[in-house]
Amino acid sequence: MSSYIVATSGLTQSEGVHLAYLVASVLFILGLKQLSSPKGARKGNITAAVGMIIALITGLIGLHPSSGRVILMVVGVAVGLLVGTLSARKVKMTAMPQMVAAFNGVGGGAAALVSVEEYMRLVAHSSQGVVFVITVVFSVVVGSISFAGSVIAFTKLQELMTGRPITYPGQQAVNGVVVVAILSIGVYLVGFGTSVALVVVLLAIALFLGVAFVLPIGGADMPVVISMLNAFTGLAVAATGFVLGNTVLIVGGTLVGASGTLLTKMMGDSMGRSLGNVLFAAVGKAAPGAGASTAGSAEGRSVRSGTPDDIGVMLAYSQKVIIVPGYGLAVAQAQHVAKELASALEKRGVDVAYAIHPVAGRMPGHMNVLLAEADVPYEQLKEMDEINDQFKLADAVLIVGANDVVNPAARSDASSPIYGMPILNADEAKNIIFMKRSMRPGFAGVDNELMFDPKTIMLFGDAKDSLTKLVASVKAA
Amino acid sequence: MSNALIEYITVFVLAGFVGIEVISKVPTILHTPLMSGSNAIHGIILVGALAVEANAHGTLQVVLGFLAIILATINVVGGFVVTDRMLEMFKSRRPEQSKQ
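Protein chains in written order, with the working numbering: chain C, 38 to 514; chain F, 504 to 603.
If we strip away everything but chain C, and leave its shape as in the complex, we get:
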């Protein structure tokens, strides 16, 4: 780029490209800014998308592909467009988190492939600078980890495999060897020799590391992991920007890498967990699913269960009822019936509020989205800090498909995997109605003492079914 101001009225092509990339970068920043306030969030997404379109069109300037190559490029974009739009449109709101993981993973994979290809193309002709090789290695390794890690996160959240942490003896040693192998190959490529084959090996090992590193993380911690992998992909894309000498890739990738890192920390904070705890808590514990047996398991202990009729009457004559919705409510698509129950109770003069745990659902904000979809008034949705003092005033708390977020073990049992997570004080209510499909432990794989509390009545069955029956009995009461 020329370093002086050209006195002519026109711009060279390269200057035009740089300016257009600057516009795109500014739109990305404005988009992120708007996305972080409730008022402008939707507009922010569109702002960023406009920036993307500008960057993509600009990126095509100065390329001179053959006509055959043009066809391939168009077909590639068309396929991606079709798959991307269809999957984003068809996905259920409940499956949002794994969809985000999938979209993130493919981005990481693309970054790794682009760097591998550029390496193949350039080292065939001449040797390249140190920074070129360092950034190739970085984007191949981090992009591949992000891809493979996202695949595992998707598989866990989609329940194609167990959400529990998977551990095996020697896990740390295996991971250690893999990291050492990656570093050695990286150092060799940067300082000593050129080899396309080794770059491919590097890619393969990094894929393995991505898998190995997400396997021991429990399903409940997945949002934090996805957020971190999102930041990883951002950094891989930024590194690819160095490889290709493209500033808009550097800006876009770095913005996501930096904001994603901060966002990961914020998510961890809202769950009361440090990143180190999330990533390495299960590693090094010999038995898989450690913690599942804390405080005695479900067998041999009795719980009190009730019928929808009894519980409906109790609710109808309460003054204050707090509903604690969880992922089970979303899975059963019961948010609309829950709203119906709340309306029926309000008609009788009962004060109803929803207590939303920061990680209710499977991601921060997930439950707000689902309840907004069911037209639950915003004012009834109370955040944890706002409502935690009110549980002791509530006549009844109705726990629908939530589990870990009301588990007292988070406060008292230091050996529990969820120890330290802030929870809703549901146990302080006068009566606790725990709606559950079965006695199966929650997503974190931990038993819940609250089920054995003398104040607790269990209502077994599908959340939607049970709520429908409750609505009927409240109306009849």
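No wet-lab data here; the hints were simulated from the structure. Careful, some of the hints might be misleading.
Stated by the list, open to error - The following label-pair restraints were derived from C-beta to C-beta distances:
| hint | chain 1 | residue 1 | chain 2 | residue 2 | range |
| --- | --- | --- | --- | --- | --- |
| 1 | F | V516 | C | Q370 | 42 to 50 angstroms |
| 2 | C | L48 | F | P530 | 40 to 48 angstroms |
| 3 | F | E591 | C | V116 | 20 to 28 angstroms |
| 4 | F | E591 | C | S232 | 43 to 51 angstroms |
| 5 | F | T562 | C | D499 | 47 to 55 angstroms |
| 6 | F | F520 | C | K492 | 48 to 56 angstroms |
| 7 | C | T231 | F | T562 | 20 to 28 angstroms |
| 8 | F | F520 | C | D347 | 54 to 62 angstroms |
From the three backbone atoms N, C-alpha and C, an ideal C-beta is built for every residue, glycine too.
We have chain C already, so just place chain F on it with the hints.
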């Protein structure tokens, strides 16, 4: 170090600071949409995928570039569409608030 490299490093460092500053005050309910929206932004890798495909030599490079284009396009399109769907849900409550 070349001038171009210095320029890239400058851009990288400044973008890093901006990325942190720009989202420093985000409410919990927006964590998921923000993650998803920024996820779409790193789909900018599509610019790179298109460029390397245009310059590719030989079948292997062409195939890799083609794959990268598909993956990157899914990232961009899926990312923006899914984020818009999430944020659409927040819209319905605004008229209710303004009524009072």
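Hint by hint, here is what the structure shows:
1. V516(F) to Q370(C): 42 to 50 angstroms: holds (47 angstroms)
2. L48(C) to P530(F): 40 to 48 angstroms: Given range 40 to 48 angstroms: holds, Cβ gap about 42 angstroms.
3. E591(F) to V116(C): 20 to 28 angstroms: Given range 20 to 28 angstroms: holds, Cβ gap about 26 angstroms.
4. E591(F) to S232(C): 43 to 51 angstroms: Because 49 angstroms falls inside the window, the suggested range holds.
5. T562(F) to D499(C): 47 to 55 angstroms: Check passed, 54 angstroms falls within 47 to 55 angstroms.
6. F520(F) to K492(C): 48 to 56 angstroms: holds (51 angstroms)
7. T231(C) to T562(F): 20 to 28 angstroms: Given about 21 angstroms between the Cβ atoms, the range holds.
8. F520(F) to D347(C): 54 to 62 angstroms: holds (60 angstroms)
Violated hints are absent here; each numbered hint is respected by the structure.
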